[in-house]
Amino acid sequence: MADKVIYAMYDDDDTTKDAAQHFVDKGVHVSEVYSPFPIHGIDPIIGVEQSRLGIVAFMFGLTGLAVAMIGIRYMNIIDWPMNIGGKPNFDFFHNMPSFVPVMFEFTVLIAAHGMAFTYLLRNKTLPGMPARNPDPRTTDDRFVIELRLEDNHNFSVDDLLSMAKQTNIVELEEKTIK
Amino acid sequence: MGFQISDKAKKVFFGLIGVGLVLLVAGLFTQTKFLFPHLDEDHPNDLEVVSYAEDLDDYSEDLVALKEEVKNALGDGYIITISEGEHGHEAHKGGEHVEEGHEAKPSTHHGPRLLWNIHISKTSGASHDESAHDAGAHSEHGNSNIKHGHHDASPAALLAGMFESGTLALPDHGFRRFWSNLLINGFFFMGIALGAMFYIALHYATESGWGVVLLRIFESVAGAIPFGMVLLLIVFIAATLGFNSIYPWMDKDIVAHDALIQGKTGYLNPTFFWIRIACYFSLFFIFINWLKKTSKREDAEGGVDLHYKMYRKSAFFIVGFAVFSSTMSWDIIMSIDTHWFSTLFGWYTFSGMWLTGMITIMMVTIYLKSKGAVEFVNENHIHDVAKWVFALSFLWSYLWFSQFMLIWYSNIPEEVTYFEYRFDSYKYVFFTMFVVNFILPMVLFMSRDTKRSWPYLITISLIIFVGHWFDVFCMVMPGTLFEEWEFGMLEIGMFMASLGGFVLLIFNGLSKAPLIQKNHPFLEESKHHEF
Numbered sequence: 263m264a265d266k267v268i269y270a271m272y273d274d275d276d277t278t279k280d281a282a283q284h285f286v287d288k289g290v291h292v293s294e295v296y297s298p299f300p301i302h303g304i305d306p307i308i309g310v311e312q313s314r315l316g317i318v319a320f321m322f323g324l325t326g327l328a329v330a331m332i333g334i335r336y337m338n339i340i341d342w343p344m345n346i347g348g349k350p351n352f353d354f355f356h357n358m359p360s361f362v363p364v365m366f367e368f369t370v371l372i373a374a375h376g377m378a379f380t381y382l383l384r385n386k387t388l389p390g391m392p393a394r395n396p397d398p399r400t401t402d403d404r405f406v407i408e409l410r411l412e413d414n415h416n417f418s419v420d421d422l423l424s425m426a427k428q429t430n431i432v433e434l435e436e437k438t439i440k
Numbered sequence: 004m005g006f007q008i009s010d011k012a013k014k015v016f017f018g019l020i021g022v023g024l025v026l027l028v029a030g031l032f033t034q035t036k037f038l039f040p041h042l043d044e045d046h047p048n049d050l051e052v053v054s055y056a057e058d059l060d061d062y063s064e065d066l067v068a069l070k071e072e073v074k075n076a077l078g079d080g081y082i083i084t085i086s087e088g089e090h091g092h093e094a095h096k097g098g099e100h101v102e103e104g105h106e107a108k109p110s111t112h113h114g115p116r117l118l119w120n121i122h123i124s125k126t127s128g129a130s131h132d133e134s135a136h137d138a139g140a141h142s143e144h145g146n147s148n149i150k151h152g153h154h155d156a157s158p159a160a161l162l163a164g165m166f167e168s169g170t171l172a173l174p175d176h177g178f179r180r181f182w183s184n185l186l187i188n189g190f191f192f193m194g195i196a197l198g199a200m201f202y203i204a205l206h207y208a209t210e211s212g213w214g215v216v217l218l219r220i221f222e223s224v225a226g227a228i229p230f231g232m233v234l235l236l237i238v239f240i241a242a243t244l245g246f247n248s249i250y251p252w253m254d255k256d257i258v259a260h261d262a263l264i265q266g267k268t269g270y271l272n273p274t275f276f277w278i279r280i281a282c283y284f285s286l287f288f289i290f291i292n293w294l295k296k297t298s299k300r301e302d303a304e305g306g307v308d309l310h311y312k313m314y315r316k317s318a319f320f321i322v323g324f325a326v327f328s329s330t331m332s333w334d335i336i337m338s339i340d341t342h343w344f345s346t347l348f349g350w351y352t353f354s355g356m357w358l359t360g361m362i363t364i365m366m367v368t369i370y371l372k373s374k375g376a377v378e379f380v381n382e383n384h385i386h387d388v389a390k391w392v393f394a395l396s397f398l399w400s401y402l403w404f405s406q407f408m409l410i411w412y413s414n415i416p417e418e419v420t421y422f423e424y425r426f427d428s429y430k431y432v433f434f435t436m437f438v439v440n441f442i443l444p445m446v447l448f449m450s451r452d453t454k455r456s457w458p459y460l461i462t463i464s465l466i467i468f469v470g471h472w473f474d475v476f477c478m479v480m481p482g483t484l485f486e487e488w489e490f491g492m493l494e495i496g497m498f499m500a501s502l503g504g505f506v507l508l509i510f511n512g513l514s515k516a517p518l519i520q521k522n523h524p525f526l527e528e529s530k531h532h533e534f
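Chains A and B supply the protein sequences, listed in that same order.
Here the first sequence stands for residues 263 to 440, numbered as in our numbering.
Here the second sequence stands for residues 4 to 534, numbered as in our numbering.
Just so you know, these hints were derived from the structure itself, not from any lab.
Pairs of lysine-lysine residues, derived as DSS-like cross-links and limited to a Cα-Cα distance of at most 30 Å, are as follows:
| hint | chain 1 | residue 1 | chain 2 | residue 2 |
| --- | --- | --- | --- | --- |
| 1 | B | K125 | B | K74 |
| 2 | B | K390 | B | K530 |
| 3 | B | K430 | A | K349 |
| 4 | B | K312 | B | K530 |
| 5 | B | K13 | B | K299 |
| 6 | B | K521 | B | K374 |
| 7 | A | K288 | B | K530 |
| 8 | B | K374 | B | K515 |
| 9 | B | K296 | B | K13 |
| 10 | B | K390 | A | K279 |
| 11 | B | K299 | B | K372 |
| 12 | B | K530 | A | K279 |
With the hints as constraints, model all of the structure from the sequences given.
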């Protein structure tokens with residue numbers, strides 16, 4: 263089913279925020295906002311849910327810690343115990359303090375990389391993936407609010423266009439997507 | 004003018020002081036002096052008892068009484084003979100843990116040491132002579148006899164247990180526990196104020212905006228610094244005059260026999276010590292009072308001139324604080340264990356101070372918010388303070404562990420004794436303190452929801468707060484009371500009394516000025532702080 267989309271373009275983050283507020287006040291659902299940088303305070307206006315990235319980061323951290331502990335235990339205790347400075351090398355627990363830096367770094371490594379890749383994957387912005395922003399200028403100095411007709415059954419295209427014209431737009435575009 | 008504390012709350016805190024003082028006095032009169040038993044597996048009928056009293060002459064009467072008590076401790080079935088002896092090498096051959104114990108003991112122990120060799124024999128088996136422990140056969144015979152008796156454990160172990168639990172102990176006439184506790188509480192509560200003071204300076208020097216609505220609370224917490232200072236000054240004056248022996252390097256007799264301390268006298272001598280203490284205390288005192296005065300002037304005059312003045316002075320203060328916070332912790336705490344040194348120690352104590360400072364700020368803010376006195380503070384400000392508590396817990400754990408791991412790994416005798424001593428005699432309090440202060444905030448303050456829930460914040464923060472009191476406890480006690488530490492009415496009482504006094508001083512500060520700095524340039528930003 264073909265769907266109509268309206269792109270309203272702005273040149274300032276504050277006017278974008280005000281415009282988003284304007285749409286939401288009228289009962290319009292804002293589908294997406296494209297911007298070159300994160301706009302402070304726009305999330306609650308357009309109703310973006312709390313990110314679950316923190317939970318993912320915690321799980322990646324636990325994974326990293328577990329992998330580090332298993333790896334160290336196998337390498338330095340079971341397979342090839344090394345006598346460094348006469349430290350106990352017969353079990354993991356008694357030699358644990360010397361491994362804490364490695365365990366810590368590995369936790370951070372896995373948590374950070376896992377979080378970054380999860381973020382890119384979830385947003386479908388991994389390197390090489392096709393760009394999904396409606397206009398290349400939204401990576402530079404323009405801000406675009408996307409309104410889908412599909413999400414706003416109570417409004418016609420003309421309603422939405424006239425509403426957009428009440429805000430400080432710099433460009434307005436209407437598209438049909440399949 | 005400012006926030007007036009309700010009469011009810013005032014009564015609570017004065018009650019806290021009162022109950023604390025009662026406990027303190029009760030604790031002073033019931034404090035005991037421990038004697039340490041060493042069991043020898045090869046001689047199950049013998050027990051060696053050591054005490055580290057610095058001046059045994061004071062105890063001569065009590066010792067006679069205790070001797071009688073020991074002789075009757077096991078009942079009629081046994082004859083206990085006590086011989087006082089020099090610490091001969093024969094006495095503890097084969098008793099490995101005895102030797103370990105002596106190695107772990109810091110050499111700051113000095114003066115006469117009591118040593119009792121206790122021999123136990125059974126009355127019914129008339130054939131046991133006093134020298135039974137020389138012959139292995141006799142010894143085993145005696146052992147089997149004893150096993151047929153009423154007790155499951157050997158009588159020597161039973162007796163050792165009585166010594167360890169303090170059932171058999173001397174009443175302590177010295178005030179070492181009192182002075183050590185005064186030092187702990189003085190340093191702990193001065194640290195809280197100092198942490199808050201550092202944070203104000205940081206807030207001004209970085210021109211932060213978020214916390215402007217909290218600045219008056221910061222000021223009041225930091226302004227309560229004289230409380231800790233006075234407690235510490237009492238300890239220092241008493242130490243200099245020889246009323247307590249917290250700082251071994253202040254005692255000329257010890258220094259004369261100690262090459263390691265002699266090498267440090269260039270820095271650790273009473274004159275220079277007092278010069279430094281005067282520098283620290285006057286800097287802290289003058290800075291916070293100047294800041295309070297200037298922010299009040301800003302309220303009246305407005306403009307940005309005074310703001311920039313505070314900004315510049317704060318930056319200078321941080322430079323001075325960077326040096327002084329380290330040297331101060333060396334002087335006040337690290338020099339107790341005079342032989343030991345650690346360059347990380349300053350940061351480690353500083354991180355603890357900063358953390359407890361943030362916790363106190365949070366508690367006061369939550370209290371004021373619940374009373375409706377600070378409507379301009381929203382949940383985002385408290386969330387931010389909670390983030391600091393979370394982050395600083397990590398900083399503290401990180402520094403604790405860094406200090407521990409480097410010493411553990413290099414295993415140099417003069418460094419490692421510090422931790423060996425804590426592992427041997429302070430095991431449970433030392434490790435529980437670390438685990439609680441590290442794991443609890445890490446797991447429970449990680450999520451956003453707990454940082455915004457008051458019941459969570461209050462419960463966990465107060466646990467960590469007490470945990471950091473125990474951190475200071477573990478810094479001080481092993482160097483002043485050695486194995487003879489106790490945790491009882493004296494500790495609890497003094498902590499309660501100090502807490503009550505400190506909180507009342509904070510509320511006194513809050514009552515002196517309006518709770519908002521109305522002409523601060525970043526006030527609007529702070530009021531709308533949100534994320």
